[in-house]
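Chain order of the listed sequences is F and E. Each residue of the first sequence is one higher than the last, beginning at 1 in this note's numbering. Each residue of the second sequence is one higher than the last, beginning at 517 in this note's numbering.
It cannot be assumed that every hint is accurate.
As the list claims (entries may be wrong) - Per label pair, the in silico range of CB-to-CB distance:
1) F:Q256 <-> E:S546: 51 to 59 Å
2) E:S546 <-> F:N37: 55 to 63 Å
3) F:K506 <-> E:A994: 54 to 62 Å
4) E:Q950 <-> F:A106: 28 to 36 Å
5) F:E142 <-> E:P555: 53 to 61 Å
6) E:G947 <-> F:R93: 16 to 24 Å
7) E:G602 <-> F:A444: 26 to 34 Å
8) F:D226 <-> E:V547: 39 to 47 Å
9) E:E978 <-> F:P163: 36 to 44 Å
10) E:G949 <-> F:S413: 39 to 47 Å
11) F:A106 <-> E:E632: 47 to 55 Å
By construction, these hints were calculated from the structure, which means they are not laboratory data. Idealized CB from N, CA, C, for every residue including glycine.
Protein chains: 2
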Amino acid sequence: MSERRARGRGRESARDARRAARAKSTSARSVPYITRNVPVYNPLSEEGLEIVENNTETILEETGIEFRDDREALALWKDAGADVDGQRVRFPRGLCRSLIQKSAPAEYVQHARNPERSVRIGGKYTVLAPAYGPPFIRSLDEGRRYATIQDFRNFVKLAYMTPSLHHSGGTLCEPVDLPVNKRHLDMVYSHIRFSDKPFMGSVTAPERAQDSVHMARIVFGEAFVDQNTVITSLINANSPMVWDATMLGALRVYAQNNQATVISPFILAGAMSPVTVLGTCSQLFAEALSGMAFAQLVRPGAPVVFGTFASSISMQSGAPTFGTPEPAMVLYVAAALARRLGVPFRSGGGLCASKIPDAQAAYESANTLQTAMLAGVNFMLHTAGWLEGGLVMGYEKFIMDADQAGMMQVFLSGIDTSENGQAMDAIREVGPGQHFLGCAHTQANFENAFYRSSVSDNNSFEQWESEGAKDTAQRANAIWKTMLDEYEAPAIDPAVDEALVEFVNKRKSEMPDASY
Amino acid sequence: MSERRARGRGRESARDARRAARAKSTSARSVPYITRNVPVYNPLSEEGLEIVENNTETILEETGIEFRDDREALALWKDAGADVDGQRVRFPRGLCRSLIQKSAPAEYVQHARNPERSVRIGGKYTVLAPAYGPPFIRSLDEGRRYATIQDFRNFVKLAYMTPSLHHSGGTLCEPVDLPVNKRHLDMVYSHIRFSDKPFMGSVTAPERAQDSVHMARIVFGEAFVDQNTVITSLINANSPMVWDATMLGALRVYAQNNQATVISPFILAGAMSPVTVLGTCSQLFAEALSGMAFAQLVRPGAPVVFGTFASSISMQSGAPTFGTPEPAMVLYVAAALARRLGVPFRSGGGLCASKIPDAQAAYESANTLQTAMLAGVNFMLHTAGWLEGGLVMGYEKFIMDADQAGMMQVFLSGIDTSENGQAMDAIREVGPGQHFLGCAHTQANFENAFYRSSVSDNNSFEQWESEGAKDTAQRANAIWKTMLDEYEAPAIDPAVDEALVEFVNKRKSEMPDASY
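One chain only, chain F, in its complex shape (with noise of 0.2 Å):
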């Protein structure tokens, strides 16, 4: 028997069943966070980690790091015994190791408003958030325009709506329609109000993260915000070994208020980093290693997330490139590197250049994703909706990639090894040239077996066609538009709102728009 004709047989017999099966439109259990029972994957030896770890430290240590525009910066290292030369910091081998070990958590919890979708970052745990940045969304609609403020809301209350992801994010899309000074307050309040899931602060000016964590002081009260996370911010490294006045600035207000900061070198290797897998590597951990140790001198024990985002470029055109093998080692040496440190690793997600949602963009964010899971990602931004290098936010690939996030979550959860899971009764019972469909075990996993795709189309040719030829694209479509159909507001105390509200229109009030 043939692969093709036994296909058929299969698919004849489970007929069967289908009047058994109840309609359930994702198995994607609901869980506030992934917890990882498989390993992860490595591909690089001890030796060649030593390697890594050796030549970041010859970074540190020969070329330094620039702390630029930031005068306490400087002073704060001077104080830790680092060389300061103008802006150039150099560290003795090992101060930045040891300074993070002493006091960085190797995974913490981030409270949410709705303490059952608190999450734990760190450690065996992986939380998956959507994309962040664009400044441009994507629907088979619309085409391609610049976001606004309505389609932030919009991707607030999807991300609210599905399982697969544990995290509302920070920006989602760049609400353009807003001033620059003004717009971080409508995107912090949308997260606040519209979803219930854990959130991430501005960072683009330190008085933005202060207007982050005072919302956040509103709802989860002054105590308990100096006590405990609620936020957790990006900041990106200007690399090559660069951090500027803006990131540090925002770094400081979060670490200070012991909010946790992701600490991302941004590399697009070959640009901004070496050529090479190991060169980057040992750059991007150099960068992190400062910028996660600047933290715990600012507070030791504010949360830090040791980050990486690195592509490749196009060595014809310069442009960044993805879902390409080189910065999958990247991906998978510096989550290694993470482990041994000892602190939370953020990389990952459903990268792509493509344009649109079509198989490039499929490939790409696929080929990242399985990378991310396997390499034991703790915080995964940038997981649904990402297309064109990051500056468009797809609401169809929004849908796509959330369902991939489903199959990372049950592929996360690990193999079944109890007897149910072995299934002898069912061989028994069935036996040689029957099939399994109506046997008792059968009937007793019916409901949890598979993973169950939103957006795949698993029929027949014949019936695809006769529904109208669909591509994927297009049942996304309809999948997003109901669910914003459906939408249902989280409850909040009124109260809190009056005074985030409030909060948010006096400080507008207290600057004249500006865009930048």
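Start from chain F and add chain E according to the hints.
Below, chain E without anything else, positioned relative to chain F:
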């Protein structure tokens, strides 16, 4: 600097290096097969694997396997010490395993008529082959239609021209324009004539297997074929727990002639095996062990490959589903079982249920390709072209998957830990705030720095739009047409070609056309 803004910066500075860039369609180096320099991934514990192995022996001992309509097979099993009850064969614990471990090679060479293209199957090697078995083809130009011998030849040519595919495969598509009882002659001839990569033989009847061996003898010489492996063929179990006479007959022909067989349960879990990962693994391993051991009874030392093809089904419709987490787990576990047994392993492929080469096709394919890559698959059928659950060979899909295969090759080659790979000179030369595009290390490593996709569009939105806003399938369409235009047949000894044609014509004249 945000993740969005940092990207623009890299892109901009990359322009500096553009003039130096020489066009190159792909960075997949042409090697006859992949040598794996990274570890495999295995999600199941030692104890878990022992449970599966133990349950497998219980299935073989208690339930047994049916060897249908084949007295010779039953007699061989009786002689070997198995309990033969009608067509049901029950095996003393450990019998199958010990038969295999006594004589089956851990790896073998499949010789190609061009010695530079001979492949190693097993161990740390990976050999990638196109999809197998589809009766339909799909292209952007013609949509979906029945395949012909012309399509078959096209795919032989495309596989020949694709550096990331190491093997010509077998039934690339069913040439349904030819009589069923004669088409194998044209298929095997096409593999030999239009390619010089290794190929697969016919398995749809013992005499067709014999024809395949005969044609190989014409090419390689009778003595060489008896002592070396020049054909690898696919033998599917009729799961659950049945071997049918067709497959056993073909298996016997190949084994007798020292040719390799891939012993592959073809399973849609839930229909043809239990709905759990471990249940499916135990059953398919029992089936495979009985088939591989049978080959060793026929001719000790004949190469066998432990193959699995396991997907899940939609519990609503019974339709096969691909790229989901449960089949990935099965694949990883089966790969570990193969390593513990000590035989080569076949699984994976660019599997998908999608009717068209869209995002669903790509997500699903990438998920299985990544899994197979990290599981340590030695022989991967269905690497390129598969659509619609294997019913369709897609021209555009073939090009897309082949691009992924090239990436796989780069990843499996591992991480360069040499001084050049460490790139410390580059970091020292460039320093904080500068870019790496012009530095000596980048210039020296320019050509092979990053994988270069032949299909992906990484250009700016504006450029992509000005070039027609093409999706991936449209770009792939242009690629396969150009390849077929540029195809040049590999040289062949005219006497060999003449002898092959003569044999094909003689065999065709000996029997009337038949549709079975």
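List in ascending order the numbers of the hints, as given earlier, that are violated by the structure.
-> Hints 2, 5, 8 not satisfied by this model.
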